[in-house]
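Enquirer: The chain contents come next:
Number of protein chains: 2
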Amino acid sequence: MKLASLRRGGRDGTLTLVSRDLTRAVEAQAAPTLQDALDVWDSVAPELEKQAAALEAGTAAEAFAFEPADCAAPLPRAYQWADGSAYVNHVELVRKARGAEMPESFWSDPLMYQGGSDAFLGPRDPILMADEAWGIDFEAEVAVVVDDVPMGVSAEAAAGHIRLLMLCNDVSLRNLIPGELAKGFGFFQAKPSSAFSPVAVTPDELGEAWDGQRLKLPMLSAINGEAFGRPDAGVDMTFDFPTLVAHAARTRPLGAGAIVGSGTISNRDADGGPGRPVAEGGLGYSCIAELRMVEKILGGEIRTGFLRFGDRVTIEMKDAGGRSLFGAIDQVVEPYKAPA
Amino acid sequence: MKLASLRRGGRDGTLTLVSRDLTRAVEAQAAPTLQDALDVWDSVAPELEKQAAALEAGTAAEAFAFEPADCAAPLPRAYQWADGSAYVNHVELVRKARGAEMPESFWSDPLMYQGGSDAFLGPRDPILMADEAWGIDFEAEVAVVVDDVPMGVSAEAAAGHIRLLMLCNDVSLRNLIPGELAKGFGFFQAKPSSAFSPVAVTPDELGEAWDGQRLKLPMLSAINGEAFGRPDAGVDMTFDFPTLVAHAARTRPLGAGAIVGSGTISNRDADGGPGRPVAEGGLGYSCIAELRMVEKILGGEIRTGFLRFGDRVTIEMKDAGGRSLFGAIDQVVEPYKAPA
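Residue numbers (the working numbering), protein chains in the order written: chain F, 1 to 340; chain L, 1001 to 1340.
What the hints contain is simulated information worked out from the structure, not anything from laboratory work. Careful: at least some of the hints might be erroneous.
Quick list of in silico lysine-lysine cross-link-like pairs, PhoX-like style, CA-CA up to 20 Å [stated by the list, open to error]: (1) K1216/L with K1318/L; (2) K1183/L with K183/F; (3) K1183/L with K96/F; (4) K1096/L with K1296/L; (5) K318/F with K216/F; (6) K96/F with K296/F; (7) K183/F with K1096/L.
Using the sequences and the accompanying hints, generate a full structural model.
Expert: Spelled out as structure tokens, the structure:
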């Protein structure tokens, strides 16, 4: 199944089933919102599946054309957004560029931060920011949505709690990060609202690309229409999703609808070094910070700036046949002025 | 108004109005859950107030005896839990004891971390933990609940968004903190589920004790029935609530129902030094870690251990007349065994 939340009804939108090719949609009958569905997933999933099958067969009543611009995030707000940093290559690069050693334990103990989840952005919402000087960056990630996960779950058992997958743009304010991390409490202002793909999909929609642990497809990102990255989300992911979910649930349970993110997707180069830019035939990056680090490491000088007002970021993932799986995140950075 | 969420109905409980003296209650007619009420606060508040007045007058139909043990947290799950550390005295002490200097900026730039909000504990729920060796501690705090707060709000304007106040036990796993903070991403596993008081109250219930910025009353905590702390929440609070809300909303909006915490309440001694234990006639502390720090600073040796299985923590706040304002958080630490 592919599920979207259209901006109709209340704050949580209206749960909508979307056809596999992302062209048609129908409002779900079994639950008004995605959170409502996740709260009682086992009982509503069969009914949702029936409706999805009818939509696919062209027999669903009241189907309409699917328009990603009408979508909120699949969960417009959520009770938990725990974002891992599973591509340790990314962490090592970012640290190297600022001259910080990476502890060996980072290869065995996942990094994870708690993100704000009360005001997510839809896939086509602008990224509103008061100040370009904050260093506005994107981060292309895969995220999973779980049902109720008991505290202390094993990674093995955690795998069975993954109900949905989606893409995420974990917007980051790079120039606020050093000051914030120096305070010792982790990110807060440096991580504004994240955006998610038009649809969340059940694992069975992904076929062999999803092995229950990793999603083995390239993450395609572009800035102003120019390809920026295509690293494979299934490669160099040091901690798989069940491991990340178990990490998040070690000392507390996770409630149905909790979102766990992969962190910025990042691949090493074939020779083991940092990946090369797409323009040089490499796999590129899933955030600007990483390109800047590579520029500094390889050439001694950072050449690429962060996002400016008017810049456009797109994030998408396609199956082996070139079909968009989640629809595209497609956002423009725009200036924001706070109300007086 | 005093509002509770009884464990009836769904995951979010049933919104219930509670009498000022915490003896009687009636299910709210205007909204099924507290989150539903907060989503449309301005339109439902007058109706809730009418019902609360009837309860107070003894004319509410279907009123029943209020039982804190039947309560979930006022918001059993929330979309945002942003916990400040506004009593900088506490931060300075904790740092001093581990030999770390506190940056001067901590007096002007609030510390805040993002907490998990998908599975809060009710006021009488046990604190279930797999391992005593994690260093189980309580933290007695005041927390506010806001309505929709625009990004970039000023502290002045933020004051008008505070709709409810409640008490919090921000359970902390002290022995997990150093390793987690060393990774640079802030707390995660070190901050398990927090618990909240039986009722959340509107600011007008607090009279002169609430000046729109700080709640000026002693925070009473006890361990196994023995007084542990009574520092005044209105004293030594370097950052007031509107400042904390504005800090949380600097780069993103806060959704209705977001919770912002004060951090552990901590008072300096009259001579400016660290407060003294209650047993020595002092104001005591709102967490065990602080007592341990004072023991180390004053006597060179830590004597008090963290909570053990079977230990009981109570947190309460009383008005000038000695009446409990929020009801008591009253929790016993119990061993937890993860499902196989």
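Enquirer: Are the Cα positions of K318/F and K216/F separated by 20 Å at most?
Expert: holds, 11 Å
Enquirer: With the threshold set at 20 Å, check whether the alpha-carbon distance from K1216/L to K1318/L stays at or below it.
Expert: holds, 11 Å
Enquirer: Starting from K96/F, check that the Cα of K296/F is at most 20 Å away, please.
Expert: Since the Cα atoms of K96/F and K296/F sit roughly 10 Å apart, the hinted pair holds (cutoff 20 Å).
Enquirer: For a C-alpha distance cap of 20 Å, please report whether K1183/L and K183/F respect it.
Expert: holds, 13 Å
Enquirer: What's the verdict on K1183/L and K96/F, does the C-alpha distance respect the 20 Å limit or exceed it?
Expert: holds, 15 Å
Enquirer: When you check the alpha-carbon spacing of K1096/L and K1296/L, does it fall within 20 Å?
Expert: This hinted pair holds, its Cα atoms lying about 10 Å apart.
Enquirer: Does K183/F pair with K1096/L here, judged by a C-alpha cut-off of 20 Å?
Expert: holds, 15 Å
Against the hints set out earlier in the document, no violation occurs for any number.
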